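2 protein chains.
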Amino acid sequence: MKARESGMPDETMWKNFMRKEAVPMKKKTIDDKLFALHAEVCKSMASPTRLKVLNTLQNGEQSVDAMAKSLGLRKANLSQHLAVLRQRGIVATRREGLNIYYRCANPKMLKACAILREVLLEQLREGGELLEQAAIGRK
Amino acid sequence: MKARESGMPDETMWKNFMRKEAVPMKKKTIDDKLFALHAEVCKSMASPTRLKVLNTLQNGEQSVDAMAKSLGLRKANLSQHLAVLRQRGIVATRREGLNIYYRCANPKMLKACAILREVLLEQLREGGELLEQAAIGRK
DNA sequence: TAAATAGTTTCGAATATTCGAAACTATAAG
DNA sequence: CTTATAGTTTCGAATATTCGAAACTATTTA
Chain A
1 MKARESGMPD ETMWKNFMRK EAVPMKKKTI DDKLFALHAE VCKSMASPTR LKVLNTLQNG
61 EQSVDAMAKS LGLRKANLSQ HLAVLRQRGI VATRREGLNI YYRCANPKML KACAILREVL
121 LEQLREGGEL LEQAAIGRK
Chain B
140 MKARESGMPD ETMWKNFMRK EAVPMKKKTI DDKLFALHAE VCKSMASPTR LKVLNTLQNG
200 EQSVDAMAKS LGLRKANLSQ HLAVLRQRGI VATRREGLNI YYRCANPKML KACAILREVL
260 LEQLREGGEL LEQAAIGRK
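Heads up: the sequence lines are chains A and B, in that order. Residues 1 to 139 in the numbering used here are what the first sequence spells out, letter by letter. Residues 140 to 278 in the numbering used here are what the second sequence spells out, letter by letter.
What the hints contain is simulated information worked out from the structure, not anything from laboratory work. Be careful, since some hints might not be right.
As the list claims (entries may be wrong) - Cross-link-like lysine-lysine pairs, in silico, BS3-like; alpha carbons within 27 Å at most: (1) Lys33/A to Lys214/B; (2) Lys214/B to Lys167/B; (3) Lys172/B to Lys69/A; (4) Lys167/B to Lys182/B.
What you are looking at is a predicted structure, and each value in this text was computed from that prediction instead of being measured.
Kindly produce the complete structure, drawing on both the sequences and the hints.
Below, the structure is given as structure tokens:
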């Protein structure tokens with residue numbers, strides 16, 4: 001490509017570059033970001049172990065060691081699960097000597113989580129059929 | 140094995156069968172079931188697409204076709220996502236002629252989901268740092 | 001009956017998640 | 001400095017999830 005003599009180099013190219021159709025960009029709407037974030041958070045909670053951890057943390061901070069013992073988990077494994085929660089900002093940490101204490105980073109999130117659990121507990125008691133409705137249209 | 144003359148056949152075998160150590164059984168506590176269920180539900184929601192579907196269904200039932208169009212998804216793909224939600228009992232269906240209409244199966248669950256979304260929207264506006272706290276204990 | 005429309009399922013490859021094992025870092029106490 | 005304890009990270013194999021393509025089912029209309 002040769003440089004154009006008029007001044008700005010490659011103006012056409014730049015315009016092309018900026019065209020929506022040509023360059024989708026990261027033009028995420030706030031809504032898209034929210035859905036993505038929500039999905040990430042759900043993914044972080046999509047594990048019985050991590051939910052047990054969060055449940056434990058509802059009663060205040062706990063060291064990794066204490067949680068490993070009370071939940072019957074290997075430290076390495078628990079640490080991996082904690083890393084998932086940490087990376088999403090769902091839990092936060094504090095060091096004191098040898099111990100690292102984990103706590104819930106945002107009580108509201110735990111609350112929201114607990115509400116869902118309540119709904120599910122209800123469903124569980126109401127017969128537990130939370131499985132696929134067998135027939136869709138087949139008579 | 141010969142039947143014993145005393146009455147109940149194979150009593151020893153039965154006792155053995157019932158021993159926790161020999162037969163783990165599905166002796167899940169209600170709590171374990173709940174955590175497992177909760178995790179399953181979170182897994183079902185751990186996808187931006189499925190969350191968008193659920194969000195759509197908050198405003199009433201929709202046909203697959205309509206959702207595919209409004210969300211810009213291929214029908215086959217949307218159908219796969221809907222199957223996930225269906226299998227967990229999160230959505231239910233109704234057929235009317237050629238169309239199958241999906242609806243939220245339990246409004247409370249959608250509500251719980253919406254609450255979490257609210258919390259996350261708040262966090263998103265409050266600066267958006269929902270990422271890992273860089274340092275744990277390293278000075 | 002055939003064709004059209006709405007929706008589902010199956011298959012397979014790409015990608016992501018999980019967990020144990022082993023190696024690693026950080027702090028405290030000898 | 002050495003050891004012990006608490007916790008994290010890395011690696012790799014097993015497993016699970018995702019999506020497009022293609023084939024399939026169900027219903028209506030002609």
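Tested hints:
Distance check on the hinted pair: Lys33/A and Lys214/B sit about 24 Å apart at the alpha-carbon level, within 27 Å; holds. Between Lys214/B and Lys167/B, the direct Cα distance comes to roughly 38 Å. Violation of the 27 Å bound is thereby established for this hinted pair. For the hint pairing Lys172/B with Lys69/A, the CA-to-CA distance comes to about 21 Å; that is within 27 Å, so the pair holds. A hinted pair counts as satisfied when its Cα atoms are at most 27 Å apart, and Lys167/B with Lys182/B qualifies at roughly 20 Å.
Violation of the numbered hints given earlier is confined to hint 2; every other hint is satisfied by the structure.
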